[in-house]
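**Q** Fit chain D to the supplied structure of chain B, relying on the hints for placement.
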Amino acid sequence: MSDLTVPPPLGLPGEPAEEIPVGLSPFRASLRRFGKNHLAVVSIVILVLIALACFFGPMLYPEDAELGDFDNISAPIDLFSIHPFGTDEQGRDLLYRVLTGGRLSLTLGFFGALVSVFISIAYGSTAGYLGGRVDDVMMRTVDILLALPFIFLAILIKIVLQDSGLHVFGIAFDGPEASVFVAVVVTLWLTPAVIARGQAVTLRSREFIEAARAGGMSQFQIITQHIMPNSVNVVVVYSSLLVLEAILTESFLSFLGLGVQPPDASWGSLINDGAGKIDSDPRLLILPSAFLAAVLFCLNYITDGLRDAFDPNER
Amino acid sequence: MFRYVTYRTLKSLPTLLALAVITFFMMRVAPGGPFSSNRRVPKEVRLNIENAYHLHDPIWEQFWRWFWGVLHFDFGPSFKYRDYTVSELIAHGFPTSLEVGLWAMFISTVLGLILGIAGALRRNGPIDYTAGAIAMVGLAIPIYVIGPIGQIVLGLHLQWLPIAGWDGTWPYKVMPILTLSLPNIAYVSRLMRGSMIETVRTNYVRTARAKGIGERKTILKHAMKGAIMPVVAYLGPATAITVTGSIVVETIFGIPGIGRYFVDGAISRDYPLVMGVTVLYGAIIILANLLTDIVRGILDPKVSYE
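So the sequences go chain by chain: B and D.
The first sequence begins at 1 in this note's numbering and counts up by one.
The second sequence begins at 1 in this note's numbering and counts up by one.
One chain only, chain B, in its complex shape (with noise of 0.2 angstroms):
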């Protein structure tokens, strides 16, 4: 190298220098990060892709696709058909199957993150915030809850929830669905929490938060005002993690045939019916495992991704 070439930036050795403009904000900046990591990107396209198909694809059919061609019993795959994948025992279309499955699959997986994440980043801000006793109490509650086997646990309240008939505020939490999204939840808000709640405490000491005091906010507004929206960007890093993790539980109980019940369908009660027939046709359990394993392989690139992009300590 001559002599001339500019020092480069502090960073980590080895690393290619990286050329953030000025002034650009700092979630901006991670922003352009993520946009450079190639398996990323192209993650999040497929996924797209695939929760668009599952969401709008049913929507081609005919109203009665659910209930089977009966002329089309076991029909092989023939892509210029009216059954591109071929046809189930019972004369149902595949490909429909396995999108109405994904439908729920996702719409669980991502409402089952969503909600997780909400819950967590609460519980960990008021614990973080609020410290002392009330914060000893609570995360010492998490770590104990932390170290049960939940996925045990996720069977026996699913089980005993789907038997108890629980209404509340009108929403029926004994339906198949209902209960396996409750136990998915239960299993999922505690690690969040915890990196929530590490966030609360380093935000408690900050002088936004001392001036709120001062101004006279109560605790709950600074709580719900304050700390909880900005304890969600570290949260986010971790929340497509979550996505992937509330799949697999979906899909784990729905496999057991625990979960989603017949005649609904979601790719794990599809893999678990399939498995049960490979001998007479693999495609059944071959087509949700790739949908299931392409989502699954996606979440991984795109939560490494994320990871890359916006987590300080990866810097």
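Simulated from the structure, these hints should not be mistaken for laboratory data.
Using N, Cα and C, we set each Cβ at its ideal position, and we do this for glycine too.
Pairwise CB distance ranges (calculated):
#1 Pro-263/B <-> His-157/D: 29 to 39 angstroms
#2 His-157/D <-> Ala-51/B: 29 to 39 angstroms
#3 Leu-49/B <-> Ile-213/D: 49 to 59 angstroms
#4 Arg-33/B <-> Asn-124/D: 20 to 30 angstroms
#5 Asn-124/D <-> Gly-35/B: 25 to 35 angstroms
#6 Thr-141/B <-> Val-5/D: 17 to 27 angstroms
**A** Same frame as chain B, but now just chain D:
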């Protein structure tokens, strides 16, 4: 050291207690007692039966009685498998589950270590890429997808191994054990690769090389000691993954272990069975975490005995 072990042990007691309490009270909020069957029974008879089973005692006494039973491995009668107690079912299924689980743990640790070390020493070589591919599949794809695909490829098409079933012989064991160990092979190899790459850069490894004791001895005797720590710390979570996975694997391959009973019990609402297995497997996972902590405390001088 003694203080550290005592402290860790005491710390896991509240978790065990929480497990028992949550499981018991979940069961109690479940509607319908064991004697609310369809058959009409005179009220006096039902009350008598319920009294005989202490269902009208204060709830803490009931909990204590159940908990005392659990401490003696008495989980009560099974609802689904009449004439059997939950303990008998567990005693029947546990040896099989344990065998599959221990083999899976053993294989995933050994294979994961080998793949990880080989990958770290020959970075970006063929072994490293193969290990990376295995890890990616193992981390991203759940075993309830991998198991059936293995059945199609190895069982149906190649016909190397039986598709499912169990008679205790090796052909029947290979596929379940490999399926169960795959996620942990992936984790262990990634952990080991990362920590070995870091360790071979440290000064003490350079010193060992400089002494001229040979590459093989440097890696296996010196670098290994430091690099293996993350893997040791991972043994607790690995046990949890194996225990959870065994439910799936036993369902897929039709293995007569506890996992099968557990799933059947959960579907048919056999609460005592579900509770019994939850408490047993939960305790195993908590104890595995405790043991991992203790072993780490003994092996790793960096762990503080606080």
